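Peer 1: One letter stands for each residue in the lines below.
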Amino acid sequence: MTERSVKIFPRFERFWHWAQVVLIFALLFTGMRLSGLHHVIHFSTALGLHVVAALVLIALWVFAIFWHLTTGTWVHYLPTLRGLPQVARFYAWGIFKGEPHPYRKAYWRKHNPMQALTYLALKLVLFPAIWVTGLLVLGWNLWEDAPQALTLVYWVSQIHLLAAWAIAAFVIAHVYLLTVPPGFRHHLRPMITGFDKVDLTPEQEAYLEANEISRIKPRD
Amino acid sequence: MRFSFRPLPRLPAALALAGALAALPLVASTQEAAAPEPPEAEAALSASTTDHSKLKPLQREFTSGPEVTRACLQCHTEADDQVMHSIHFTWEFEQPATGQLLGKRHVINSFCGNVVGNEARCTSCHAGYGWDDMHQSPVEAGVTPDCLACHDRSGQYAKTSTGAGHPALAPLPDGAVTITGAPAKPVDLTKAAQSVGMPGRDNCGNCHFYGGGGDNVKHGDLSSALYDPPLDVDVHMSPQGENFACSTCHVSDRHTWSGSRYNITAVGGGEPARPGGPRRAASCQSCHTDTPHDTNIIGLKLNDHTDTLACQSCHIPAFARGGVATKTWWDWSTAGKLDEEGRALAISDYLESDGDHRHTYLSTKGDFDWGEDVPPVYAWFNGAVDYTTADRKIDPSAPVEINPIHGTPDGADSRIWPFKRMEGRQAYDAELNELVYSHVWGPDTDTALWTNFDWAKAIQAGMEAADETYSGNFDFVDTYMYWPITHMVAPKHDALHCGNCHAEGGRMDGIEGINLPGTRPYSPAGIAGLALVLATLGGVMLHLLLRLVGRRRGDHD
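First to last, the protein sequences are chains X and L.
Numbering (numbering that gives the first Met the number 0) for the first sequence: 0 to 219.
Numbering (numbering that gives the first Met the number 0) for the second sequence: 0 to 556.
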């Protein structure tokens, strides 16, 4: 195994990430206005921005799903128990003792098992929950005459709200975890440049050097 | 033009949203354009095919109102028959929903109470001459319709305040006033007869702006401010706006008008009227459609509201605008206090924004309160109104609804409407638990409240006049009376904002059957979510602290 600087976040994935940052912050801010937690902007302004940001985010996600499926990168999110206890133990104990992170990035496994599990839950549970409930609330007029519609829309709105707060909690934890050693800038850089240090097998290294030279940096 | 009169195509919501996504303007732009001036040649041309001053039957002296009407009928042969079938003349309306017989001839309200027993004062606004006994219909009494009240365009025709509908004619007694409360001047009936034309706002307003005995006392949205309203008071009737006459919306057919306070078109809609097309309902939607807002994200969402809210609920943010206050509280129970010399009191402690003082206490009428720019109360309403007539039992332990309004939360036939809720106290039979009739006006009787200040006599006389049984015991009960608000439509930039209702304690507070985001920031999920976020913040802080402690220990090792 050799550690090389490899492009693990291609341009689309980085764009996707930063677009989500902007849109999710916009959605949280306008969403808090819509639920009455602040009055910094008009309700109508908040509503317009919230709907536009939500629809753009959903469109982006539809495209991202297509991208993951066609590029095969979806495998990064496959859940695994392998290494999970070690990573959990590190965050709950080892990190306080100054131990090194037990996980080593691999070319086809750029997330540690806890990360993969978290992102998978986010993608399979929280995001779908918030889109489906959001679209239902937006389209309220189309189903307001359904039986028990008022009770249903109450629960739909509650799920939307809870999912939104859970995403906010994720953002907090996500940003905090950037500060764990070796540090904020080290963790942030790959999402800007696309490159990170990854353990490569000799075969992977040979393949990249021969076929995808732009995805691997020359040896230092 | 301030509103689009063009019906919008009904797009499927998804398509519309996609379109809205592409076009991001969030708020409609305001279009301002001057009202078009007719070309000079057109302006010089008479709008009517008849100049009534050239008609021989009108070129004469008239000594009474009915004489003028007889002259009108020489050409307009069917007009009296038409008028005599209208509610303006019959003062009678059978509520189709309940079969209840309503109309001024029958109901008791929370203002001056009842017509019977007080005829010549109350019928001073009747569209006829000399109806002075409610026991007979005006047709039975042989009352002649009054053409001039509605068609005089000379501006000097006026009915006296106590003349059972007759105009002010010479010689006038000292202190005579008209139905608007202005000092009466002798009317030139010839001039009035020769001036006739289609009714203007003044014709309708001379009665309807002064309901309840004074300017804007009753309705709240109908006041003298509407004779010549600025644009911000009423976009439709303002000369700077559309300069509508009342009959532009309240279209007439055979001298009956669309629009009612007993049986209202609460749910406008259907196809908008084409110019000249048949239109029976004086609803906003009959011109504006039920999808009147612009096709953008906010406009589409606003259009989503039209199956829940009456247009008026947002577009009339407050009533009694334009400087004329409306009476909001009338306590009859305090009437009758006199000064030390036994004279009637008149206290005017309410200063209106137009500079007028309004009465706050009268020995004749009791205590009043007034309001300007009053936010309405809101309620589900399907247009049906019935009345607590004298035959209905009341529960005096709670405010009595003089005219209960009907409607079901989220009902297909109902919308959330704005109302003026008139509050007051008025007399009732304390044994029979029924509202009573009172004899308030009668300068020559020794029982009328306004001259004798004795409630017991006034009620006894009122009940006798109405042929009602009366226990002889009376008391006063709190009452509510509801007045649908539909005039004084504000310019769109003055309409309610989303946040007026989508907020904690907003305008829809207490309205059932609606899904109203933004009214409960601390719902269960809101609290749980905030707790989750705070717990996460606390968790990472603790984690950070433990890391820092761990690092320091490491340094010591």
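In case anyone wonders, no lab produced these hints; they're calculated from the structure.
Certain hints may be false.
Just the calculated beta-carbon pair ranges, DEER-fashion [to be verified]: (1) X/P180 - L/P408: 33 to 41 Å; (2) X/A58 - L/E93: 52 to 60 Å; (3) L/L533 - X/V55: 53 to 61 Å; (4) L/A527 - X/Y118: 18 to 26 Å; (5) L/G537 - X/H38: 50 to 58 Å; (6) L/R519 - X/N210: 56 to 64 Å.
Which bits of chain X does chain L cover? Going by a derived footprint, with three or more residues having C-beta under 8 Å, they are [to be verified]: (7) 14–21; (8) 78–84; (9) 101–109; (10) 124–131; (11) 137–143; (12) 201–210.
Computed, partial: chain X to chain L, Cβ under 10 Å [what the hints assert, rightly or not]: (13) H38; (14) V61; (15) I64; (16) L68; (17) T72; (18) L116; (19) A120; (20) L121; (21) A148; (22) G193.
Given the structure is predicted, the values throughout are model-derived calculations rather than measurements.
Glycine residues also receive a C-beta, built at the ideal position from the N, C-alpha and C atoms.
Peer 1: Now look at each hint and say whether the structure bears it out.
Peer 2: Right, here's what the structure says about each hint:
no., hint, result
1, X/P180 - L/P408: 33 to 41 Å, "59 Å, violated"
2, X/A58 - L/E93: 52 to 60 Å, "59 Å, holds"
3, L/L533 - X/V55: 53 to 61 Å, "29 Å, violated"
4, L/A527 - X/Y118: 18 to 26 Å, "23 Å, holds"
5, L/G537 - X/H38: 50 to 58 Å, "27 Å, violated"
6, L/R519 - X/N210: 56 to 64 Å, "58 Å, holds"
7, 14–21, "violated (count 0)"
8, 78–84, "violated (count 0)"
9, 101–109, "violated (count 0)"
10, 124–131, "violated (count 0)"
11, 137–143, "holds (count 6)"
12, 201–210, "violated (count 0)"
13, H38, "7 Å, holds"
14, V61, "13 Å, violated"
15, I64, "19 Å, violated"
16, L68, "24 Å, violated"
17, T72, "28 Å, violated"
18, L116, "17 Å, violated"
19, A120, "14 Å, violated"
20, L121, "14 Å, violated"
21, A148, "8 Å, holds"
22, G193, "27 Å, violated"
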